[in-house]
Amino acid sequence: MSEEAKKIIKKKKQKKYFIIFAQLFIVITFFIGWEILAKAKVINPFIFSSPSRILKTIYELILSGELWIHIYTTLYETILAFIIGISCGFIIAILLYEFPTLAKIIDPFLTMINSLPKVALGPIIIIWAGANTNSIIVMALLINLIVSILNIYNGFLGVDETKIKLLKSFGANKIQILKHLIIPESKRTIISSLKINISMTLIGVIMGEFLVSKKGIGYLIIYGTQVFNLTLVMAGILVLIVLSFLIYEVVSFIEKKLSTDR
Amino acid sequence: MNNLLDIHEIKKNYITDKEEIEAIKSISFSVKKGEIITLVGSSGCGKSSLLSIIAGIDHATNGSFQFHKENPIIGYMLQNDALFPWLTIYQNALLGLKIQKKNTKENQEYVKKLFKTYNLEEFMNKYPKELSGGMKQRVALIRTLAIKPDILLLDEPFSALDYQSRLAVSDDVFKIIKREKITTIMVSHDIAEAISMSDRIVVLSKRPCYVKKIYDIYLTNKQNPIENRKAKEFADYYNKIWKDLDIFV
Ligand SMILES: Nc1ncnc2c1ncn2[C@@H]1O[C@H](COP(=O)(O)OP(=O)(O)O)[C@@H](O)[C@H]1O
Ligand SMILES: [Mg+2]
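Order-wise, the sequence lines are chains A and B. For the first sequence, position 78 matches number 78 in the numbering used here, and the numbering has no gaps at all. Count along the second sequence from 1, add 262, and you get the number used in the numbering used here.
Bound-form chain A, shown alone:
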């Protein structure tokens, strides 16, 4: 490697470190500033809480074991809705692909449901599905299912026409075309839609927990609001931020693992 190249690489590394440093700086300054302003009563700690209070609350939640129950509940609902959403999305996308007339018929309805703010359906869902976990799952499905269907279906439509012709020239039937071409080809589309899907699912689950629940991080937040314990609300939000970040990272990891095996 030439001296010049080494220099450029070193510069690039330095820039990377600088970016990480700047990010940490922003986070730390934010929390310290918040703490100081709250301590000095410049902002009302009753409404804005403070980092130390939030950490203390989280610590107490951990000690009482409550935190794990909430995290477990939200996680469980999210994973369940995620798996159901992807599987149903997959099956429905296949049906739409195999029956183009069906796809044309329901196209405007899909668009309509997709553009509807799903939370508006909350009250009805509760009545129909019951004030329990079912409603939360349904809420999450409403949000992630349409996205799954459209994503996977569009992946199917994007399959190279030449390859379909090739299989037909071998005498392949519809099921063989699905098995040998459409599904493996859209595996990439499905994988790349996992990330957006998990985010959508989490939104749905938290929305569902806002509406009905006795457990879960959404519940923690809504409960805190009801008893006007803003520290609890913020503790819930902080936990949610960490949780969603972790989920996202796990899905990214899965995505990488799946896409390397061609």
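These are calculated hints, taken from the structure and not from any lab test. Owing to the predicted nature of the structure, the values given are computational and were not obtained by experimental measurement. It is possible that some hints are incorrect.
List of simulated lysine-lysine pairs, PhoX-like, C-alpha gap at most 25 angstroms [to be verified]:
1. 391/B to 187/A
2. 484/B to 256/A
3. 391/B to 257/A
4. 440/B to 484/B
5. 165/A to 331/B
6. 360/B to 165/A
7. 174/A to 440/B
8. 484/B to 165/A
9. 331/B to 363/B
10. 179/A to 484/B
11. 388/B to 256/A
12. 168/A to 484/B
Got chain A; can you put chain B with the ligands on it based on the hints?
What follows is chain B with the ligands alone, placed relative to chain A:
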């Protein structure tokens, strides 16, 4: 009678949402066993449509074609290699056999032999993206040969390649076809390529196409496509076909 295929007054109209497009007016010709016959015609005149019909992928609006062989096996090769990126080269080559439920030990051995014969053995376990365009096209040909076709339909099989590989690969493909003695209908928009590879050339009119002329190609000292371009009759055929095609640029 040594005809493998008779095509009789085939007509093809496409019906879209708005209109009816007449793609093929009427096409009749016969294909002799073992020959390479090339269709030339301006782009959009209906060449691919005709091959799709013969391949059984599409139906003719009118007319018929008849193979003088029971249950003929048809090998179809298209413009791009259409290799599946998630399969190895070897698995790609077995695709047709799998579809036709003929993926037997014996046939697998045959495919391996093809790889060996055409110097692709060392690439069998590689993935398509690791191969050059010319190699991929040869793999596509092996995939087609694997099902032991009675007739080969080649739809501008080299048009995605650059000029150099195009010459080399068409030369290779020609040798393979001749060695395996497979009857071939090829489509090309390259007159020189057509003359250098074919036993006969069918010149089609503009859309909706009909058969304008059929040339038997006699070249002195006929050998491989690259050498054939040097034959003394070459320019004569070229000029005639060029005139027939009536190309304006
Ligand atoms: N599926 C289709 N629907 C409507 N029109 C088509 C379809 N396929 C081909 N055509 C039309 O038929 C004509 C012939 O097409 P094609 O056989 O692909 O031509 P070529 O292969 O000679 O370039 C073109 O005008 C094309 O637009
Ligand atoms: Mg064409």
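We went through each hint and held it up to the structure:
no.	hint	result
1	391/B to 187/A	18 angstroms, holds
2	484/B to 256/A	54 angstroms, violated
3	391/B to 257/A	19 angstroms, holds
4	440/B to 484/B	13 angstroms, holds
5	165/A to 331/B	23 angstroms, holds
6	360/B to 165/A	16 angstroms, holds
7	174/A to 440/B	34 angstroms, violated
8	484/B to 165/A	34 angstroms, violated
9	331/B to 363/B	21 angstroms, holds
10	179/A to 484/B	45 angstroms, violated
11	388/B to 256/A	21 angstroms, holds
12	168/A to 484/B	36 angstroms, violated
Checked against the numbered hints listed earlier, the structure breaks hints 2, 7, 8, 10 and 12; every other hint is satisfied.
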